[in-house]
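Build out the structure end to end from the sequences listed, making use of the hints.
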Amino acid sequence: MNYTIKQIAEITNAKVIGDKNLIIKNIAFDSRIIYSTRNTAFIAINTNKNSGEKFIDSVIDRGINIIISEHHYPQFENINWIIVKNSVEFLQKLAQYHFESSHLQSIGITGSNGKTILKEWLYQCLWNEFPTVKSPKSFNSQIGLPLSLLQINDSHKLGIFEVGISMPNEMEKLENIFHPKIGLLTHIGTAHLANFQSEEELILEKLKLFKDSDTLFFNGTEQVYNLVYKTYSPKYSKTTLISYGLDNVNNISIISDIRDRNQDIKIKYFHEEFSLKINQRDEVTLTNVLALIGILKNFEFSNEKIQYKIDQLRSVEMRLESIEGIKNNIVVNDSFNLDLDSLKTALQFLNEYQKSKKSLVLTDILGVNSNLKELYDEVSDLVNEQKFDSVFLIGNEISKFSELFKSKTYTFINTQELIDSKHLIEIENQIILLKGARKFEIERLKDILELRKHDTVLEINLNALLHNINYHKSLLKPTTKMMAMVKANSYGLGSFEISEFLQHHHIDYLGVAFVDEGVELRKKGITVPIVVMNPEQHSYETVIQYNLEPEIYSFRVLELFYEAVQKSGYDKKYPIHIKLETGMHRLGFKDHELDELSKKLNKINVKVKSIFSHLSSSDIPSENEFTSKQLNIFEKNSTYLIEKIGYFPIRHVLNSSGITNYTNHQYDMVRIGIGMLGESQYSEIKKQLQPVVSFKTVISQISLVENGESVGYSRRFKADKPTKIATIPVGYADGIPRLIGNEVGSVGINKNLAPIVGSICMDMMMININHIPNVKEGDIVTIFNAKPSLREFADYCKTITYEVLTSISPRVKRIYVKD
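Counting from 1, one number per residue, gives the positions in the sequence shown under full-length UniProt numbering.
There are no misleading hints in this set.
Straight-line C-alpha distance at most 25 Å; calculated BS3-like pairs for lysine-lysine:
1) Lys487 with Lys813
2) Lys93 with Lys15
3) Lys297 with Lys157
4) Lys751 with Lys813
5) Lys524 with Lys813
6) Lys93 with Lys137
7) Lys25 with Lys6
8) Lys813 with Lys776
9) Lys446 with Lys355
10) Lys208 with Lys238
Computed spacing ranges between beta-carbons, pair by pair:
11) Asn664 with Ser233: 44 to 52 Å
12) Ser700 with Gln263: 32 to 40 Å
13) Thr479 with Asp61: 25 to 33 Å
14) Asn351 with His156: 24 to 32 Å
15) Thr479 with Arg522: 21 to 29 Å
16) Phe274 with Ser714: 56 to 64 Å
17) Lys387 with Lys572: 30 to 38 Å
18) Met167 with His506: 19 to 27 Å
19) Ser58 with Asn226: 46 to 54 Å
20) Glu803 with Glu743: 18 to 26 Å
21) His156 with Glu743: 54 to 62 Å
To be clear, the hints were calculated from the coordinates, so they are not data collected in a lab. Every residue gets a Cβ at the ideal spot worked out from N, C-alpha and C, and that includes glycine.
Here you go:
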């Protein structure tokens with residue numbers, strides 16, 4: 001993209017205020033992840049849920065001087081404006097013009113699962129055959145697709161773009177913007193199915209993308225196969241239809257036993273048969289490989305060349321790991337792949353952290369078919385915008401361009417040279433980004449820099465957490481606020497790391513149990529309002545000192561806290577939150593106390609920021625009557641108190657299960673806790689959520705225990721036949737209760753459950769792997785995530801998921817992953 005403001009205005013019928021001749025090369029839509037301000041315009045996107053216009057002042061502070069907006073704000077001086085009627089429609093219209101002007105060959109991918117994997121595989125196979133552009137990350141929505149298309153430049157000959165929908169009638173808009181010549185319909189699953197009347201309606205909606213395609217490759221499951229030929233084919237008779245899948249009815253299929261590892265995979269491509277070496281043999285991978293083969297055949301690749309391309313495929317790692325480092329550092333490990341897109345993504349990710357100082361380790365960018373000077377000019381421009389304290393360059397190529405980097409810059413031929421220099425272990429209180437091509441093995445630096453070396457880890461997927469929050473928000477009115485509960489170290493996940501992520505994504509309030517938890521967050525830079533749910537008497541001065549907001553649940557607490565406010569010299573109305581007792585009989589003011597409460601509140605220098613209560617049984621259908629009674633009491637008493645104090649505080653009563661089961665009682669705010677971790681009592685809700693937490697370890701040793709021999713303390717397991725036993729380095733000191741030993745609980749290995757045998761030790765436990773093939777020392781073991789799930793693990797423990805999570809020991813390393 002490379003347009004003047006005047007050109008963009010003419011293309012989109014927009015109005016210009018300011019310099020029409022300025023050039024725009026990039027459009028930023030998220031104020032939090034602007035990695036460069038040069039030739040960049042910020043588009044203030046307005047949706048039903050949010051308005052980007054409220055962030056205009058922050059992007060101007062960052063150095064942006066071109067704003068695309070539906071409204072003009074003249075108070076911002078020396079800013080250039082493109083005024084549009086509808087920000088999303090503007091973006092789509094510009095993208096449509098840009099795509100149609102490019103005349104490049106195009107591949108469009110849609111479906112429920114596998115879009116990003118296949119996009120990345122196709123890019124790996126085709127980029128060095130044709131200059132290729134692709135969707136960054138999973139940009140495929142009404143906003144993401146246009147932003148992807150605007151990346152096309154004059155040098156590109158091929159574009160590979162994902163297209164995603166979640167609602168009926170969305171695809172027509174996207175097809176109007178982007179009409180691919182080659183179409184790829186991947187697996188259709190349950191994602192977004194809740195928004196459609198049937199799976200058939202969802203499939204037909206996705207097929208609309210391909211109405212002008214020359215060729216359509218589609219995953220030929222029975223329902224899709226029938227729909228394509230009965231419904232799609234008559235409408236679009238000019239499109240060549242090619243089905244792929246493990247079923248032999250498809251044009252591209254597998255005709256050998258995929259379980260027999262002694263032979264290659266035999267492929268049927270129409271009437272041709274040939275064999276390929278494919279190591280990964282699960283059904284999902286093989287189905288994706290068939291789609292890849294079909295498109296490579298369409299580009300007239302020989303079978304030998306296809307085999308070569310498959311051999312060269314790298315695993316698609318789309319994640320950034322964040323871990324606690326030595327010397328109060330945060331280490332962001334992105335040593336999975338390196339190209340310009342992934343570098344931009346990693347630099348954006350850094351903006352989510354509060355640390356003011358940061359360092360970068362960056363290697364040669366391998367396999368880029370372009371002029372090296374131009375490549376590293378662009379790389380250095382991106383890096384220089386971030387103002388790193390130190391930059392460590394690894395590799396012969398990038399080291400030659402070290403003078404382009406403005407930070408204090410060090411060069412090394414290989415990773416070992418950097419390790420030997422000791423520079424990294426001298427860094428303190430920074431965020432350190434490790435960004436490199438696999439060849440350089442810079443994951444070795446992570447091993448040196450991480451604080452905890454324990455093989456047992458708790459992995460927290462931040463994207464899944466955000467997905468779950470957004471799902472709950474989708475049930476609410478756009479104006480309803482949300483408080484995230486981060487008490488008890490965010491249910492064991494890490495209070496600061498979770499709070500920082502939530503603050504970055506504009507959570508309205510955070511809730512903690514005790515003052516110390518709030519103080520820790522304030523000291524680390526969290527500025528969001530924090531409610532302390534149980535402010536202890538001795539902590540009131542600290543509450544005020546750190547600008548925390550206390551729950552007030554009794555007259556004693558109110559009087560003692562106000563005494564502390566007076567002693568502190570605080571001269572404004574101090575924010576407090578009033579708890580009402582509605583039937584749980586834990587804490588809160590009762591109805592007969594409201595008159596006296598209102599009189600006291602009106603006399604003292606405090607402001608009631610919210611009035612709230614807590615539902616005891618919102619997750620239990622049989623207790624609907626009691627919950628309704630609680631809600632009625634809250635409505636009556638909160639309304640009465642509001643009338644008495646003469647203003648309108650925020651009201652909130654719904655917890656996670658309340659949000660999904662009693663949505664009509666959302667009031668002004670809701671509180672989310674276990675729901676953001678992907679847990680729900682209801683199977684239909686659970687299907688819409690994503691698991692956030694994965695507790696994992698590795699196999700330390702595998703032993704063959706002979707018939708009659710015993711395992712572990714007290715000899716509680718005795719083998720009745722020769723049995724393979726694996727020892728894993730996790731025990732009751734890590735949070736595994738002893739009661740699930742002796743075959744009560746199981747762990748997951750290679751999608752199989754392995755029962756825990758014998759007594760659980762402090763630091764180790766043993767598992768029976770006799771029935772699981774191809775297990776070796778060093779393999780990953782899942783304590784809980786998918787199999788077993790967190791809920792299943794809690795059932796083993798005869799407890800609830802909250803207790804499981806909060807019991808995980810601090811010595812277990814937390815890793816924060818962003819896909």
